[in-house]
Amino acid sequence: METFKSKIGLIAFVLFSGLFFYVSPVYAINIQNDFDSVSVGTQLNTLFGFSTTSANAYQTTNNVYISASSSMGLLSSGSSEYLYNDIGSTTKGVFNAFLYSTQNTGTGQIYITMTSNGSGHNFLFNFNGGGRPRLFTNDGNTLLYTFATSTASTWTNTLIEWRQGSTTLEVKVTVGTEITPWLVTLVPNNNTNTKWQTRFTSNCCSFSTPRLDNFLLITDADYEEYTDYRTRIVSFSPADMSTTSSPVSFNLHAYVNEDDLTTLAGIRVRLHNIDQNFLLFFGPLFGDDIYLLDHDIESAGDYYFSTSTPLDHGNYRIEACIDRTYLFGWIINNFSPVNDCQSHQFIVGSSTFLGNLSQNGFSEFDDFVNGLNATSSEALASSCNPLNGNFDIRTCALYMLVPSGDALNTIMTSLKEGILTRFPWGYPTRLVVILTGQNTASLPVFTAYIRTGETSSTTLSFDPADMLLGGASLVTSTVDPRSGQNARDIFEPMVLLMVALAVIFTISADVMGSHKHGGEGGSSKSKLS
Amino acid sequence: MITTLLLNIIVMVVGVFFFWLPQITVLPTIGGYDIDSALVNGVGQLNTVLVAFWPIKHIMIGFGVLLGYYIIKMTLKFFLGHRAPTH
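Which chain is which? The protein sequence lines are C and E, in order. For the first sequence, counting from 1, position 387 maps to 382 in my numbering; every step adds exactly one. Count along the second sequence starting at 1, add 14, and that's the number in my numbering.
FYI, nobody ran anything at the bench for these hints, they're computed from the structure. For each residue, glycine too, the CB sits at the ideal point set by N, CA and C. Please note that the accuracy of each hint is not assured.
[Stated by the list, open to error] The calculated lysine-lysine pairs, modelled on BS3-like cross-linking and capped at a C-alpha distance of 30 Å, are:
| id | chain 1 | residue 1 | chain 2 | residue 2 |
| --- | --- | --- | --- | --- |
| 1 | E | Lys87 | C | Lys411 |
| 2 | C | Lys411 | E | Lys71 |
| 3 | E | Lys87 | E | Lys71 |
| 4 | C | Lys411 | E | Lys91 |
[Stated by the list, open to error] Which residues of chain E face chain C? A partial, calculated answer using Cβ under 10 Å:
| id | residue |
| --- | --- |
| 5 | Ile16 |
| 6 | Thr17 |
| 7 | Leu21 |
| 8 | Ile24 |
| 9 | Val28 |
| 10 | Pro36 |
| 11 | Gln37 |
| 12 | Thr43 |
| 13 | Tyr47 |
| 14 | Asp50 |
| 15 | Val57 |
| 16 | Gly58 |
| 17 | Gln59 |
| 18 | Val79 |
If we strip away everything but chain C, and leave its shape as in the complex, we get (with noise of 0.2 Å):
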């Protein structure tokens, strides 16, 4: 019992110990979108059919649509066009309307009237002058407009001038060469509200006021994207659970927000590789051995970087992370919430991740682990009160006991910076990282002196590596006519099936001691007295 017992242990420990060792965050944004089928920069006239002459087209329940007078086209001094939202009920839901004017020029103008028939509106502005948009700000902080405040009595600020009332909002936009204005309308969760009307007027004879046909809408993608001001990773390529082929494209775009680049702390991003041809809990101490970007980020805004790399067949994991660092990058804050890390899975070739045990196996856990994302902790946070309705003791016991896959990462990534990779442990550290390596090297070319004559002679030369990938290439270039396969191809997921197979059986066979008879790990045969 004893024996079974410690047995249990070791393999719990083994196992625990892999999915302790490697795992990787993958980020789910789940947004409702009543556009999901419009094209970025359709313009609002084409896609409800609307022309400059007929009226009141719309569409049905949750879509916009618009309403216009006759005079619909170039917005003269003095009159309005109408931009409407019905939903037509009052179940929740969210609805997204994002306008994007090109007309900039001019002088005077555009009084943006927001009106509702209840009072759970919330709007929120974003103006920039150019690039990427900001949000509108008042003394420093973000305004998000709710309709239930008291009415302002004066115009605020200058060039956007605001004042909101119990159902009205309006915004007062003085047109110049530096104001590109983008209207964002977010119509939240609420219980009253029913429609909403947007009303665009000009107030001068000059000036050329922004048409409705130059209003696009855009995806709520891209209002993710051009909204969230965090420090984090925005992009990368190859995409997650893809498939491509050598040599590979490696792009990343990163937004770095200027509060987080101060005198002493930095940002740094990396891109690298962690090996994926390994079985699950060997991962960390045999990959991370090509790294494609290591950078301390000098400047806030956008950072993009792009590369591209011949790969060998197989299966690959690309990770992209951004640290948080002090001290001009000689310190990494593993507890900054600002670290974020996110990987992709994907196979060179066109091969599939069938056979390939370490994938399957990881993909199951990693769902798990990786649903703690840092959206859906709030909502298990919440679990664990019991005075509101949400309370769940199975959820927030998970919450609290088990880690998120960012963070296990982030103390993996510690650990190995900070423990394996010292003195002296450093150079078993770096041979493993060496002897798992992916790096190539040219073989050396063997020269053979044949003597022809007395004074003459004559040398051959053998370039293995001419001859082994010159046979490699023959056998990788036969395909099978109606998969477009390989041998390398049809054969490799067998042999990884089979390899894995027989490690874990190995191993298991080991753990049970079943392979021994007798002696110390089998059982004892006494003598019969």
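Let chain C serve as the given structure and place chain E on it in line with the hints.
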């Protein structure tokens, strides 16, 4: 959360004991012979050969995993002695 905090504390405490040690990025050069470059070059040439003999590469990787298991087992036996859960 709790587990994350505990793990962070453990890593931090262990790191405090070793932060003063130098960080090793390359293997040493002994007697003028650069072991690191030699190994990198050798493994690189092996990888070149294994482009043609790719099944051997996977077998070697599997053997490396098995070797790692035996190293963990030996380490447990060394530190735990008779208390190690191995036979």
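Now the hints, each set against the structure:
no.: 1; hint: Lys87/E / Lys411/C; in the structure: holds (21 Å)
no.: 2; hint: Lys411/C / Lys71/E; in the structure: holds (26 Å)
no.: 3; hint: Lys87/E / Lys71/E; in the structure: holds (24 Å)
no.: 4; hint: Lys411/C / Lys91/E; in the structure: holds (23 Å)
no.: 5; hint: Ile16; in the structure: holds (5 Å)
no.: 6; hint: Thr17; in the structure: holds (5 Å)
no.: 7; hint: Leu21; in the structure: holds (5 Å)
no.: 8; hint: Ile24; in the structure: holds (9 Å)
no.: 9; hint: Val28; in the structure: holds (6 Å)
no.: 10; hint: Pro36; in the structure: holds (5 Å)
no.: 11; hint: Gln37; in the structure: holds (5 Å)
no.: 12; hint: Thr43; in the structure: violated (13 Å)
no.: 13; hint: Tyr47; in the structure: violated (15 Å)
no.: 14; hint: Asp50; in the structure: holds (7 Å)
no.: 15; hint: Val57; in the structure: holds (6 Å)
no.: 16; hint: Gly58; in the structure: holds (3 Å)
no.: 17; hint: Gln59; in the structure: holds (5 Å)
no.: 18; hint: Val79; in the structure: holds (5 Å)
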